[in-house]
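Could you slot chains B, H and L onto chain S? The hints should help.
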Amino acid sequence: MTDKEIIASRIALELEDGDLVNLGIGIPTLVANYVPEDKRVTFQAENGIIGLGGLVEEETEIVNAGGMGASILEGGAFIDSITSFTFIRGGHIDITVLGALEVDQEGSLASWIIPGKMVPGMGGAMDLVTGAKKVIIAMRHTNKGIPKILKKCTLPLTASHQVNMIVTEMAVMEVRKDGLHLLEVHPDYTINDVIQATEAELIFGEVLPMKGI
Amino acid sequence: MTDKEIIASRIALELEDGDLVNLGIGIPTLVANYVPEDKRVTFQAENGIIGLGGLVEEETEIVNAGGMGASILEGGAFIDSITSFTFIRGGHIDITVLGALEVDQEGSLASWIIPGKMVPGMGGAMDLVTGAKKVIIAMRHTNKGIPKILKKCTLPLTASHQVNMIVTEMAVMEVRKDGLHLLEVHPDYTINDVIQATEAELIFGEVLPMKGI
Amino acid sequence: MRNLLNKEKFIALLHDGMSLMVGGFLTNGTPEGLIDLVVESNVKNLTIICNDGGYPDKGVGRLVANNQVKKVIASHIGTNPVIGTMMQENKIEVELVPQGTLAERIRAYGAGLGGVLTPTGLDTLVQEGKQIIEVKGKKYLLEEALGADMALIGGAIADNYGNLKYNKTMRNFNPIMATACEVVVCEPKRIIDEIDPEHVITPHPFVDYILVGEYCD
Amino acid sequence: MRNLLNKEKFIALLHDGMSLMVGGFLTNGTPEGLIDLVVESNVKNLTIICNDGGYPDKGVGRLVANNQVKKVIASHIGTNPVIGTMMQENKIEVELVPQGTLAERIRAYGAGLGGVLTPTGLDTLVQEGKQIIEVKGKKYLLEEALGADMALIGGAIADNYGNLKYNKTMRNFNPIMATACEVVVCEPKRIIDEIDPEHVITPHPFVDYILVGEYCD
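Residue numbers (our numbering), protein chains in the order written: chain S, 42 to 254; chain B, 42 to 254; chain H, 47 to 263; chain L, 47 to 263.
Looking at chain S on its own, in the form it has when it is part of the complex (with noise of 0.2 angstroms):
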């Protein structure tokens, strides 16, 4: 498996039956990939679709939050931005799943700007960490080996104590009220080089191989 598949197959089984969840642009959209089949997960694009669907080739009426031609599925409704903002900020959403520039030990997250260089701005990530119930982000743990998972983040703020886990090639982390819980290490990995990979200070007692691998 490569890095990416890692990450979104074991964001997988975070998922429970009867989810909604909504899955951000780039490694989060693969997590859609490994839903097991015993579990009905309904999958939101904020563009407005419940129920959205794979991507699809040709021409199409319908495209998803990335603009991209998608498909909703059977029992699906096509919403407006309000519609889906309602679902987003008011905590209807169980899961949402995001990228992340840095994150850090608090469970703040910064993810839309890097001042003077890039301003894409936050479309909807801003709503969808502050009103999902569960915030996972999927990224890999570092940039080129420069750590992305910090004491306290440099960039703009995305949000501030919102993030409730991290999963990237190397392990899954739980932020909690004591800090940073490291729980799960991918087989190719220590814990050492985890904590190398990681400027934020991990907590840990017991730790597990990462689940689904």
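The set of hints was computed from the structure by calculation and includes no laboratory data.
Misleading hints may appear alongside valid ones.
[What the hints assert, rightly or not] Simulated crosslink set (SDA-like; lysine to any residue; CA at most 25 angstroms straight-line): (1) S:174 x L:183; (2) H:182 x L:229; (3) L:214 x S:230.
[Said to hold, decoys possible] Some chain H residues flagged as far from chain L (calculated, every beta-carbon gap over 10 angstroms): (4) 114; (5) 132; (6) 164; (7) 169; (8) 171; (9) 229; (10) 243; (11) 245.
[As the list claims (entries may be wrong)] Which residues of chain L face chain B? A partial, calculated answer using Cβ under 7 angstroms: (12) 79; (13) 85; (14) 87; (15) 101; (16) 102; (17) 156; (18) 157; (19) 209; (20) 243; (21) 244; (22) 249.
Given the structure is predicted, the values throughout are model-derived calculations rather than measurements.
Beta carbons: idealized from backbone N, C-alpha and C, even for Gly.
Showing chains B, H and L alone in chain S's frame:
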């Protein structure tokens, strides 16, 4: 014509082609009977109809804002209460016609509570008088001889400074910045009759006979 | 279909002191079958949030008549003289809210907003105890979000996935309340295979349970 | 049908310095025919309110590329590098607004509200210059209502009365913007006799003009 018919038919002359209009319960409802054929007026019922039609006798799933069996005209729409009050509060209603217990020369009105006696509630009235572009009060000039058009309302207000026009069986009055102007008097009454029946100060110059009589 | 609920399971969800939002406008679109069951359960000290007080023998008025209600939050109670009388006798608490404000407060809760700024109610009794906030030189009342423990949704046609659309004027407060409660129960008028995705008013994730049985055509 | 509008009449409604809300999400549901005409009019100093910056050759991005835009209010401009470059060079002003907040601000204006209280953006740059208001012990940002001079509505099917429904995901911001502007112009994909009253998304009183002609199938 009865008093009610005089009031309703005079108010109907205020409706312009293309207007969206909300009529309250009682005398205001009668205004719909007098819309000139050459004017396309759309009526709203705040429980959720754009394009309200007439009352119906048979059992129906459609009711008006008074809970009575009603109908919808071609080109109409059923909406929820949020959309209904988006129309109302957002200034999309051209004219609302409502009854009142008291109106004063500053354009304030009282219509939803007589403390210790009757507390029906404001329903949609507070939003209607706050949000509609033009607020017309349709009511008998007095309550069995006791003036209802006052210098200052004595009952708890529905809203302050929102009434634009008052139409009674005796007269047509307009609230302007400098006070309450007497514009028209029904041919059965003299200006003095109107002044006698009104506690508010009436400003007037040339007074016309009530239109449409 | 998932999340079907029968009479016994519904009654098991009820408890004394809970808050209930009940859809409908002068009982048009009110789920009378669910009201039957709340009466049967005889749970007490309810807070009822509804557009209006219904009638003594119809809609939420029946819960009042059965002495199950501690407080009513509504825009209008004029059609139910029982509530007026009980209010004068201090047997029931009534909070009157302008209809558009009631809709916005419920929507705000469902949408995760703390509240909205409305001009409605300024310089009236409605203003009492509320923050007045100025935006661009204009004054507004801060009206706070309003949620509840359970929504009772009526007037709906459900599909096999739990999506809802509504019959004509029965829509009113139903779709708004379906966003704003911990548990959302719908008593549909009927259940069809699938609602066209463009015609769904309340998408299925808002709906927790659909009541089936004698209360459904 | 009333309120039909041709190309010349539409262009006559445009003027320098106006604010335009443009429906669509990454140009899905954006009225490209109306954009064509705004380009043709060459009006300047526009404020554009749109979910995103579109693409350099599609959607509102074309107005930017044609140097007609003074300010963009959007949730995302990452798909249009031209805007990013012009922003760095101070040739265009960009106000980035969280997508849900953008929708709420527009809806608030259309509904006559002064603003809404949202938790989104707290403790971030979005908070700058805004009132923080506490409700029930929780902090919220006061986000003010946002209206515009004109809405350009796309992705719609109109009926002969001027009611609109929308094609699939083309709904997005269109129905919200249709409530929040002085003048609302729709470029429908097609016009049908009548939309079922239960399927209307934007009732006709919200719509001022329907564009007809070559821009309509």
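For a quick check of understanding: which of the numbered hints are violated here, in increasing order? 3, 6, 10, 11, 12, 13, 14, 15 and 16
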